[in-house]
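2 protein chains.
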Amino acid sequence: MATGDIPQGGDTIAVIGGGLIGTSWSALFMAHGYDVVLQEPAKAAWPAVPERIATALRQIAELAPDLPAAGQLRLTTSLEDAVEKAVWVQENAPENVPLKRAIYAAVEAAAPAGAMIASSTSSLVWSELSAAMGDPARLITAHPFNPPHLMPLVELFGPDPDRLETAAAFYRGLGRTPVFLQREAVGHIANRLSSALWREAVSMVAEGIASVENIDAALVHGPGLRWSVVGAHMAYHLGGGSGGIGHYLSHLGPSQERRWQDLGNPALDRATQDKLISGVGAEARGRGIDELEAARDRALIAAQLALSGQRP
Amino acid sequence: MATGDIPQGGDTIAVIGGGLIGTSWSALFMAHGYDVVLQEPAKAAWPAVPERIATALRQIAELAPDLPAAGQLRLTTSLEDAVEKAVWVQENAPENVPLKRAIYAAVEAAAPAGAMIASSTSSLVWSELSAAMGDPARLITAHPFNPPHLMPLVELFGPDPDRLETAAAFYRGLGRTPVFLQREAVGHIANRLSSALWREAVSMVAEGIASVENIDAALVHGPGLRWSVVGAHMAYHLGGGSGGIGHYLSHLGPSQERRWQDLGNPALDRATQDKLISGVGAEARGRGIDELEAARDRALIAAQLALSGQRP
Chain A
1 MATGDIPQGG
11 DTIAVIGGGL
21 IGTSWSALFM
31 AHGYDVVLQE
41 PAKAAWPAVP
51 ERIATALRQI
61 AELAPDLPAA
71 GQLRLTTSLE
81 DAVEKAVWVQ
91 ENAPENVPLK
101 RAIYAAVEAA
111 APAGAMIASS
121 TSSLVWSELS
131 AAMGDPARLI
141 TAHPFNPPHL
151 MPLVELFGPD
161 PDRLETAAAF
171 YRGLGRTPVF
181 LQREAVGHIA
191 NRLSSALWRE
201 AVSMVAEGIA
211 SVENIDAALV
221 HGPGLRWSVV
231 GAHMAYHLGG
241 GSGGIGHYLS
251 HLGPSQERRW
261 QDLGNPALDR
271 ATQDKLISGV
281 GAEARGRGID
291 ELEAARDRAL
301 IAAQLALSGQ
311 RP
Chain B
1 MATGDIPQGG
11 DTIAVIGGGL
21 IGTSWSALFM
31 AHGYDVVLQE
41 PAKAAWPAVP
51 ERIATALRQI
61 AELAPDLPAA
71 GQLRLTTSLE
81 DAVEKAVWVQ
91 ENAPENVPLK
101 RAIYAAVEAA
111 APAGAMIASS
121 TSSLVWSELS
131 AAMGDPARLI
141 TAHPFNPPHL
151 MPLVELFGPD
161 PDRLETAAAF
171 YRGLGRTPVF
181 LQREAVGHIA
191 NRLSSALWRE
201 AVSMVAEGIA
211 SVENIDAALV
221 HGPGLRWSVV
231 GAHMAYHLGG
241 GSGGIGHYLS
251 HLGPSQERRW
261 QDLGNPALDR
271 ATQDKLISGV
281 GAEARGRGID
291 ELEAARDRAL
301 IAAQLALSGQ
311 RP
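Each protein sequence line maps, in turn, to chains A and B.
If you're matching positions, the first sequence starts at 1 in our numbering and goes up one per residue.
If you're matching positions, the second sequence starts at 1 in our numbering and goes up one per residue.
Chain A on its own, in the form it takes in the complex (with noise of 0.2 Å):
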């Protein structure tokens, strides 16, 4: 593949990493009729891989049925033997810049000329990351947000504009929703919104406001439910009235500052870790993480299918 070609279905892609990220994308991959090679260094953690990928395959299924019969998996615990046909790389190692610096250093040497390198990475960023590289221009970070094959966000930053586009089209033909950084930035932007809004939702914890189970009432029941239809810059543009944004922010700017200024800072100290564990305790009545993640998925699908086409 020349570099600036999308991958097409029966093209091979390699995924670093066999933990929830990378299990995830390598459904995704299969449903969209790409074959997967992944790579685990743990043989330990195989037996867990396709049990996996089958669950989330079923779950893109409810998703989107019309899509291909799915490609094909093998596992390998060698870097070299993933990367060798892959026309596109989706690395998924733990959060540590040497092993990935090393990861990368070795697709350099054994994949072929034209597979991109696409970094799932969370916390770190583009310029620590491909410092090492022979051609750095040749790694994107491209994050996902958990969990990849049924969430639509991919947040993408890279130096090279022509690149970013191919990556981008080849994100949205597995029929997810490319973004773009400007310029790079630790968590992104979705972790940079969910940090604070959760550090204002610990704070009112800490502080006795409300309790952890009303205070995901009222994101799930308000502004969850909201912003899963307009942003946030979009809902305060439709809250000013007939004079949008510009009228909110010549009327209620210095309110909204002064709201800043009164919101909390809290330290995840030992008494507040034991406030929101008791809390989200009370929340689960009794169901485990497993049954709470199953009913998550089965909602999000639910509201994707209703939402699909239907946003402003």
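The set of hints was computed from the structure by calculation and includes no laboratory data.
A hint or two may mislead.
Not the full set, but computed from the structure, chain A residues with beta-carbon under 10 Å of chain B [what the hints assert, rightly or not]:
id : residue
1  : G134
2  : L193
3  : A235
4  : G240
5  : G241
6  : A299
These numbers come from a predicted model, not from an experiment.
Even for Gly, the Cβ is constructed at its ideal location relative to N, Cα and C.
Dock chain B against the given chain A, drawing on the hints supplied.
Below, chain B without anything else, positioned relative to chain A:
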């Protein structure tokens, strides 16, 4: 009606204020069989009221086609006339403490003794509003999320647990999801969360990390979609693997605290306002507020129909 009785269909509800919130509440009450007397002192605002209510009633019918025949609407300029036979008073006057206090004094004098007074205030708190009342505990804050006839959330605060329970039962009967504050806070819960998230969204625009449109897209297709299904605390519980939030906090708490320190604290100065306004303009792609609002409402209805009874 005695204190503690939940209003029944056929009862009369007084709605104070004929703006967006007052008309939206009126439609919701009417759709559930209540007669509404809406007090709006500015007769110039009257002509828009029935049209807005009719639109809202049509949207409610899409969400809940089996509701009883709608109650009656009557407009009045007189507060005394509005509340004389009311079993419930929903106050949506401008956010002005002396004005609201004067309203409560008039309502206390003219309304039946058992009628509760619920303020839709978004930015004021109960202690400020109730200070001059004969029976302060008769007032609660009951903050809806805009638009109230489509968004389930109602945030409740007041000093009397029995009256709060009555209020919660009343709003549940209207298909709402009431949540409780343990102590009052400016912005209640949802607007504090919104404000915290928007601060970071504005900061990323100001810092040139991403465009308004890409930030909104990241939210809608990432955390917003997930928060329409599970709250922020529950999301970290599910992000902690089989160890849940306890595992998350002990392993990633310190990095979350560092990330909080890295979040922005922007000013809404002229330059930032200009970036927000032009960015939202690009996102709107020529569509006016009415068109965007109609699309938002259609998508909200679709999401709620899909999610009803589906969330963990």
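Exercise for the section: Against the earlier hints, flag every one the structure doesn't satisfy and list their numbers going up. Expected result: 1
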